[in-house]
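Asks: Residue-level listing of the chains:
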Amino acid sequence: MLTVTDLHVSYGSISALRGISFSIPAGAIVTLIGGNGAGKTTTLRTISGLLRAKTGKVEFLGEDITALPAHQIVARGLSHVPEGRMVFSNLTVDENLSMGAYLLSDKALIAKNREYVFSVFPRMKERLKQTAGTLSGGEQQMLAIGRALMGNPKFLMLDEPSLGIAPRLISTIFEKIVEINQSHGITILLVEQNANLALEVSQQAYVLETGSIVMAGESKKLRADPQLKATYLGG
Amino acid sequence: MPRPHLYLLATLACAFGLSHFSGRMDPYFLDVLTGVGINIILAVSLNLVNGYTGQFSLGHAGFMSVGAYMAAAVSVFLGPRLLGESGGTALQQGSLFLAALITGGCAAALAGLAVGVPSLRLKGDYLALVTLGFGEIIRVIFQNFEPLGGALGLNGIPAYTTIFWVLAFVGLAVFVVTCLVNSTYGRGFLATHDDEIASEAVGLNTTRYKIVAFVIGAFFAGTAGGLYGHFKMTITPTGFDFTKSIEIVVMVILGGMGNTLGVILAAILLTLLPELLRPIAEYRMIIYSLMLIVLMLARPQGLFNFKFGKAKL
Ligand SMILES: Nc1ncnc2c1ncn2[C@@H]1O[C@H](COP(=O)(O)OP(=O)(O)O)[C@@H](O)[C@H]1O
Ligand SMILES: [Mg+2]
Numbered sequence: 001m002l003t004v005t006d007l008h009v010s011y012g013s014i015s016a017l018r019g020i021s022f023s024i025p026a027g028a029i030v031t032l033i034g035g036n037g038a039g040k041t042t043t044l045r046t047i048s049g050l051l052r053a054k055t056g057k058v059e060f061l062g063e064d065i066t067a068l069p070a071h072q073i074v075a076r077g078l079s080h081v082p083e084g085r086m087v088f089s090n091l092t093v094d095e096n097l098s099m100g101a102y103l104l105s106d107k108a109l110i111a112k113n114r115e116y117v118f119s120v121f122p123r124m125k126e127r128l129k130q131t132a133g134t135l136s137g138g139e140q141q142m143l144a145i146g147r148a149l150m151g152n153p154k155f156l157m158l159d160e161p162s163l164g165i166a167p168r169l170i171s172t173i174f175e176k177i178v179e180i181n182q183s184h185g186i187t188i189l190l191v192e193q194n195a196n197l198a199l200e201v202s203q204q205a206y207v208l209e210t211g212s213i214v215m216a217g218e219s220k221k222l223r224a225d226p227q228l229k230a231t232y233l234g235g
Numbered sequence: 236m237p238r239p240h241l242y243l244l245a246t247l248a249c250a251f252g253l254s255h256f257s258g259r260m261d262p263y264f265l266d267v268l269t270g271v272g273i274n275i276i277l278a279v280s281l282n283l284v285n286g287y288t289g290q291f292s293l294g295h296a297g298f299m300s301v302g303a304y305m306a307a308a309v310s311v312f313l314g315p316r317l318l319g320e321s322g323g324t325a326l327q328q329g330s331l332f333l334a335a336l337i338t339g340g341c342a343a344a345l346a347g348l349a350v351g352v353p354s355l356r357l358k359g360d361y362l363a364l365v366t367l368g369f370g371e372i373i374r375v376i377f378q379n380f381e382p383l384g385g386a387l388g389l390n391g392i393p394a395y396t397t398i399f400w401v402l403a404f405v406g407l408a409v410f411v412v413t414c415l416v417n418s419t420y421g422r423g424f425l426a427t428h429d430d431e432i433a434s435e436a437v438g439l440n441t442t443r444y445k446i447v448a449f450v451i452g453a454f455f456a457g458t459a460g461g462l463y464g465h466f467k468m469t470i471t472p473t474g475f476d477f478t479k480s481i482e483i484v485v486m487v488i489l490g491g492m493g494n495t496l497g498v499i500l501a502a503i504l505l506t507l508l509p510e511l512l513r514p515i516a517e518y519r520m521i522i523y524s525l526m527l528i529v530l531m532l533a534r535p536q537g538l539f540n541f542k543f544g545k546a547k548l
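Residue numbers (my numbering), protein chains in the order written: chain A, 1 to 235; chain V, 236 to 548.
To be clear, the hints were calculated from the coordinates, so they are not data collected in a lab.
Backbone N, C-alpha and C fix where the C-beta goes; we use that ideal spot for every residue, glycine too.
Do not rely on the hints blindly, as some may be mistaken.
Said to hold, decoys possible - Just a few of them, taken from the derived set where beta-carbon distance is under 8 Å, the chain V residues facing chain A:
{"#": "1", "residue": "A349"}
{"#": "2", "residue": "E381"}
{"#": "3", "residue": "L415"}
{"#": "4", "residue": "T419"}
{"#": "5", "residue": "L425"}
{"#": "6", "residue": "A426"}
{"#": "7", "residue": "D430"}
{"#": "8", "residue": "A436"}
{"#": "9", "residue": "L439"}
As the list claims (entries may be wrong) - Ranges of calculated distance between the beta carbons of each label pair, as one might list FRET restraints:
{"#": "10", "chain 1": "V", "residue 1": "I432", "chain 2": "A", "residue 2": "H8", "range": "53 to 63 Å"}
{"#": "11", "chain 1": "A", "residue 1": "G164", "chain 2": "V", "residue 2": "L527", "range": "34 to 44 Å"}
{"#": "12", "chain 1": "V", "residue 1": "F291", "chain 2": "A", "residue 2": "L163", "range": "28 to 38 Å"}
{"#": "13", "chain 1": "V", "residue 1": "L525", "chain 2": "A", "residue 2": "T55", "range": "49 to 59 Å"}
{"#": "14", "chain 1": "V", "residue 1": "E517", "chain 2": "A", "residue 2": "P69", "range": "42 to 52 Å"}
{"#": "15", "chain 1": "V", "residue 1": "L364", "chain 2": "A", "residue 2": "E218", "range": "46 to 56 Å"}
{"#": "16", "chain 1": "V", "residue 1": "T478", "chain 2": "A", "residue 2": "E115", "range": "29 to 39 Å"}
{"#": "17", "chain 1": "A", "residue 1": "S105", "chain 2": "V", "residue 2": "L345", "range": "40 to 50 Å"}
{"#": "18", "chain 1": "V", "residue 1": "G329", "chain 2": "A", "residue 2": "S105", "range": "38 to 48 Å"}
{"#": "19", "chain 1": "A", "residue 1": "K107", "chain 2": "V", "residue 2": "H240", "range": "19 to 29 Å"}
{"#": "20", "chain 1": "A", "residue 1": "P122", "chain 2": "V", "residue 2": "H240", "range": "31 to 41 Å"}
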């Protein structure tokens, strides 16, 4: 579904990605794990067109999207839930969801997507008229994911959905991520620092360290890897 | 009928009604009311850029001057040719004035496009500097452009501005901005302000939103300039300098960025304040400035920024 080849990205003279390559098969949950500053957010932003690669190539459904502007990439069914629960805090939950369907014009499809979001996150239906900025951290994350689902994506990229969220809600959100993948067949790229959880829900994993992929393989196997255990899984 | 449409109709009816009685009104009162109206147009249109869309433009007076000069040029140079010696009927004059105002607005909008396209791709502070520079460049150009009066300014502009025209354009500016931000398309302005990355992530072209806001804002600044010129009957380049831009920015901040009703109230207050302080002439500007500082410190979120229901006008 998505193939990234030899991607180099830098901020001015600081090089953040030093030639990473990976591919994601349709229908899978793939995770990209790594510590703070490894380049995970940079990877997602480059794929979704928010940042420009210096060299390298991003292909989505067989098409080269490396040079496309962000809004055209979203239009192709690739949706990005940014790091840090970036909801539109001055808009209501309802308006946030509507913004998620910004590129759709089919009213029936929008209504269907809205129902789907409510079935995954019933809480959003209760909070429709509430200003998004007043939601709890976990609720904002649900809204950010729900908003992405409104656009009818084929492929969803989640940037650290567990960040700054009450532990009780983290497992709920991860269950929902699996549900979205299984019930709707949406392919997912999950970026996490919480490697334990990410490896549990995913089938394949890549480990990123200072801008390079240092390890890759089946999530099950990586969970048993002694070296990985020592660095990322808390011994 | 949706509410903004009702407001527009009400304002137009009000403008029409008032213009019938304006002959009997105190001229000083009418002058002040005209000044208030022009400032409302300026503040409401800048609010679309600085408030709703979250950009920081310091060039609103520059766009106002482009509109003022273009509109004045139409009625000073084209007017006599079109209307003849007699000066034409009231209807002809009105049509000419409307054409002049729209020409002024469009010229300002074009200037907005020319400034906005290269600078809006970049972030906040940069835009402030570019628009500041633009305002100054425009002023210097008019100062040295003799066909439009140069440094002495352009005189003999017909006094077409009546309370009717002012209120009609106030109504139009408020209507356009309100409808725009409350439409599905227009939520994009608020979204761009709230979070650019999230906006791009749901597929908004934030650069285009910023440019649209900027061009519409400039258009209304241009019409305000046109009204101003045909009200004062003379315009000089220095009348549209940096301090005028700052004055409008202050109205927007004091009104509560992105709150049209608050910005209207702030424009009224800040236009009336210097008038009310007139008796203490020599201390006027000092007190005015002090009051601004106190207001900013006391209510940094804006003097009139209270949420009332869902309808953030
Ligand atoms: N806007 C930026 N300007 C300069 N350097 C940045 C910027 N954003 C990230 N970086 C640097 O790029 C590297 C990768 O960052 P990031 O992709 O955010 O990592 P992660 O998401 O894995 O924590 C880090 O060294 C970080 O300091
Ligand atoms: Mg990150």
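Asks: For each hint, tell me whether it holds in the structure or not.
Replies: Checked hints:
no.: 1; hint: A349; verdict: 22 Å, violated
no.: 2; hint: E381; verdict: 45 Å, violated
no.: 3; hint: L415; verdict: 15 Å, violated
no.: 4; hint: T419; verdict: 7 Å, holds
no.: 5; hint: L425; verdict: 6 Å, holds
no.: 6; hint: A426; verdict: 5 Å, holds
no.: 7; hint: D430; verdict: 5 Å, holds
no.: 8; hint: A436; verdict: 5 Å, holds
no.: 9; hint: L439; verdict: 6 Å, holds
no.: 10; hint: V:I432 with A:H8: 53 to 63 Å; verdict: 21 Å, violated
no.: 11; hint: A:G164 with V:L527: 34 to 44 Å; verdict: 38 Å, holds
no.: 12; hint: V:F291 with A:L163: 28 to 38 Å; verdict: 30 Å, holds
no.: 13; hint: V:L525 with A:T55: 49 to 59 Å; verdict: 58 Å, holds
no.: 14; hint: V:E517 with A:P69: 42 to 52 Å; verdict: 57 Å, violated
no.: 15; hint: V:L364 with A:E218: 46 to 56 Å; verdict: 53 Å, holds
no.: 16; hint: V:T478 with A:E115: 29 to 39 Å; verdict: 55 Å, violated
no.: 17; hint: A:S105 with V:L345: 40 to 50 Å; verdict: 31 Å, violated
no.: 18; hint: V:G329 with A:S105: 38 to 48 Å; verdict: 41 Å, holds
no.: 19; hint: A:K107 with V:H240: 19 to 29 Å; verdict: 23 Å, holds
no.: 20; hint: A:P122 with V:H240: 31 to 41 Å; verdict: 37 Å, holds
Of the numbered hints listed earlier, those contradicted by the structure are 1, 2, 3, 10, 14, 16, 17.
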